[in-house]
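Novice: What follows is the residue order along each chain.
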Amino acid sequence: MERRRLFVALFGALALIAAGCGDDANDDAADDTTETTAAEAAGPEALKELGDGEGQVDLIAWAGYVEDGSTAKETDWVTPFEEATGCKVNVTLGNTSDEMVNLMKQGNHDGVSASGDATLRLIAAGDVAPVNVSLIPNYADVFAGLKDKPHNTVDGKNYGVPHGRGANLLMYNTSVVNPAPDSWGVVWDPVSKYKGKVTAYDSPIYIADAALWLKTAKPELKIDNVYELDQAQFDAAVELLKTQRTIIGEYWSDYTKEIDAFAKGNSVVGTTWQVIANLLKAENAPIEVTLPKEGSTGWSDTWMISAKAKHPNCMYMWMNHIISPEANAKATEYFGEAPSNTKACALTTDKEHCTKFHAEDEDYFKKVAFWTTPEKDCGDDRGAVCKDYSEWVSAWTTIKG
Amino acid sequence: MGVGLDDHQGLIPYRYRPPATLIGRGAAGPISLGARMTAVAHVGKLLRGKRRTQLAVLLAAPMGWLVFAYLGSLAVMLFNGLWRFDLGTQIVIKELGLSNFERLWNEAVYRTITQRTLGMAALVTLTCAILAFPIAFTMAKLAGPRARRYLLVAVLLPLWASYVVKVYAWRTILAQEGVLNWMLSPLGLDGPGTGGTGLTGIWLTLTYLWLPYMILPVYAGLERIPESLIDASSDLGASPFTTFRKVVLPLAFPAVVAGSIFTFSLTLGDYITPRLVSSSQFIGNVIYDQLGVAGNLPFAAAFASVPMVIMVVYLLAARRLGAFESL
Amino acid sequence: MIYSRSLRWLLRGGTAATLAFIYFPLFILALYAFNSARVQRWPIDGLSLEWVRRAAQNEGARDALFTSLKVGLLATGIALLLGSLAAFGVARYRFFGRDAVSFLVVIPIALPGIATGMALNSAFREAPLIGGIEFGTMTIAIGHATFCIVVVYNNVLARLRRTSLNLEEASADLGATPVQTFRHVTFPAIRTALLAGALLAFALSFDEIIVTTFTTGGGVKTLPIWIFQNYSRPNQGPIVNAVGLFAILLSIIPVYLAQRLTEEEVVSPAAGAAAATH
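Chains as they are written, first to last, in the working numbering: chain L, 1 to 401; chain A, 402 to 728; chain G, 729 to 1006.
Pulled out of the complex, with its shape left as it was, chain L reads as follows:
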């Protein structure tokens, strides 16, 4: 008697849950489809008018992009902003583009500094709103070469403002690696004498770096756009990466891990960002960086505003601030990338900064393959046979093993 009642109760409970969740599921499905059609039609709207600041702004950013003086007193472009606008800055760090996309999805932040391999996904998902650049005075001074790029402009609508642009570099331990390398070959050589101490960036987007090397190593593959790879090119890249796995010591996805690895001797050569090299040099680690002769992959980050931003006015104020000459000069000099504001070059501490980072050299940046989201449509006469990002992700898991 009791047993039966219990069963009935349990069954009823499960039925309730199923019903409840079924409804949610149907709602979600309905919402999703309406959202996608809506995105095609209207989507999130750009702000029409700038109002007063809301008192705070919640950002997702790369480590080193939003510095408030806690790292070093001079490294601060947040406090002046907070004082001028009254918007308190809260920042959540994202280590990879994937993390940032996921954080944006949760809808708790106002904006994100998204790289090209995240921007298109964010736009497609409707997680970011178009930006009304007329509300951002400093946008007028942005380099022409950074405006209206395919990775952040869709259907003629701007989806953000550029922070800067930079390349992935090759870093090596000067006391161990001899002679000083000038080619990426040193990290792809299967019989490398640095076996077990090579490092690479832990993200599926690194497959593009393999493709970049194959441009030189296997020209018969005719790789042109390293982010649009057809089956043969993709397979070759994956093979190369699997071979590389045997000489890899550790992959790095966050700053600290790579700094740690080079400082402790776990890694002696591998891909890096300028800011990491700067930090290691500040600690007197024996390292050097170089841009190899084959060119490199790179990134240009866009500050985007969330479609669910709770503090849109502050976000617009931040976007205006971060591309202002003073802040942009500080931020890009610290991180080690070319600024996005033409007037920033005059304000960097190192007067050679813009020259070093080729800020005004559009031809240079033609050799840098900026991160972007691989899509099925190859964008050329091959048609829609290329590997999209989901396949890059699956392949990456298989490569790491």
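If you're looking for bench data, these hints aren't it; they were derived computationally from the structure. Just so you know, even glycine gets a beta-carbon here, dropped at the ideal spot from N, CA and C. Each hint should be verified, as a subset may be incorrect.
Partner residues are not named here, just some residues of chain L that face chain G (Cβ under 10 angstroms, in silico) [as the list claims (entries may be wrong)]:
| no. | residue |
| --- | --- |
| 1 | Lys264 |
| 2 | Leu280 |
| 3 | Asn284 |
Listed next, the in silico BS3-like pairs over lysine-lysine satisfying Cα-Cα at most 27 angstroms (straight line) [what the hints assert, rightly or not]:
| no. | chain 1 | residue 1 | chain 2 | residue 2 |
| --- | --- | --- | --- | --- |
| 4 | G | Lys798 | L | Lys88 |
| 5 | L | Lys376 | A | Lys495 |
| 6 | G | Lys798 | A | Lys567 |
Given chain L's structure and the hints, the job is docking chains A and G onto it.
Specialist: Then chains A and G, alone, in the frame of chain L:
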């Protein structure tokens, strides 16, 4: 076990009789002569004699939460495993299908990762059990009350140091130019390091992290073994080793299994340690990465079902071995 | 049993070895809290109080610490309530599915944290009938309480099983209301079990990171989350070591006190009487 509980078959009566001083003689109930009752006493009166209602009231909150909220949401999450996720359009395609599970089964890398994780879990459990025994036995049987107290505090204290900080300390220890290599180099040996697969490093770190979770139940279990049994065994002529093997170990075994529930499950789901101390992928890493990769919840949920099923089976086995009484 | 000399020394040696194993990394952690460089190199670059000083002034760390304490207390409270209720139900009554309760209660802590985290995340986000719960301190506390229930439950259940019902019956016979019986007879008997369970539950909640990551919603930072995020910032990294050291030192007194309090069980009359009836 359970003296007093089994004396009454079925429901145990609570006999409530009003205090004679509070009411007039012969009154039927406790309320009378303007005596005020607290709200709790009201409830008590309402529930008097109604065993099933009492039970329902007791269990409503905990079981309600665990069954409906927790298990319910687990079920819903696992249900996601039957759907697909389109990374291009960022939508979950709600068509039932086994494509995720097919992928898990067919692609060798996922089998490798699962085997690796299981193997590590077993190894860590074994090492923890071996390391835990001496200290647990000392605490339970040898140490005086004061020493036992200090030992317990000493074992519990590391639980308060943050997990991440402890793992980073191990990174320093295991590093190429780290402490371990520095200590081993005069002997001409080379430490495991964090390079390559880094599995040795993971093994050491995880054993270190979960050790207190094994020591506590084993200590409790050993403490429950009556001294008289051990005395009897040695009186009957058994050597200490035989006593250990035939008396102590079997009696402590359920406690070891209880501790192993923690070490096994914690290893099975961990993704932070493999990421920080090595470049190897464990089940937790793949699930977390899949989620982080723009939230491919269906695939993550499908893969999450693997350690969950393993743990449920493990728990059932552990219960049979009597671990639940020793938790 | 008279343990032989060699056995004693063997056990002592094993204990010492295990303790050394446990405390060596903590010693490293303490050492690097005083590191003069930013990177953790070996041998250590030098000693300095810089990071300790910065940690003491760090607002983020302090907020995170208070948040962790808040969450811990909330979670422990919820776990105490739910765990004791369940334990009483199982100990004092017989019903179909009694064994299942013990199984059910242990599942949250036995399943991988990431599964629990994902499940609770979607539960909070899409709670049917109430349209979702706002992520924050409460959701974290509820998440923690879910897997802390088992430690309270087990402690209380074990104690209830050892406590003879005769005492409660005697109390009722003497005219006490159920409430008075609980207050004067039952509660003292289980008090130390509650304390032991509460202590362990608090420790579990304080150091938990995986489930917390999924139930925080990005806004609220407990101490483990703060530590994890700040380790990614190379210039904040060393501060984390100092914070970690603080945490251990701060907890020595409470842990010791709690240990002393939970030992008093052997003197409590209720348990003593119960032991006598075994």
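Novice: Taking only the CA atoms, is the gap from G/Lys798 to L/Lys88 under or equal to 27 angstroms?
Specialist: holds, 24 angstroms
Novice: With a cut-off of 10 angstroms, does the beta carbon of L/Lys264 approach a beta carbon of chain G closely enough for the hint to hold?
Specialist: holds, 6 angstroms
Novice: Taking 27 angstroms as the top limit, are the C-alpha atoms of L/Lys376 and A/Lys495 close enough?
Specialist: holds, 22 angstroms
Novice: So, as I understand it, the hint says L/Leu280 touches chain G; can you test that by seeing if any CB pair is closer than 10 angstroms?
Specialist: holds, 8 angstroms
Novice: Would the stated hint for L/Asn284 survive a check requiring a Cβ distance to chain G of less than 10 angstroms?
Specialist: Constraint on L/Asn284 satisfied, holds at 8 angstroms.
Novice: Taking 27 angstroms as the top limit, are the C-alpha atoms of G/Lys798 and A/Lys567 close enough?
Specialist: Satisfied, since the Cα-Cα distance of roughly 23 angstroms is no more than 27 angstroms.
When held up to the earlier numbered hints, the structure conflicts with none and fits them all.
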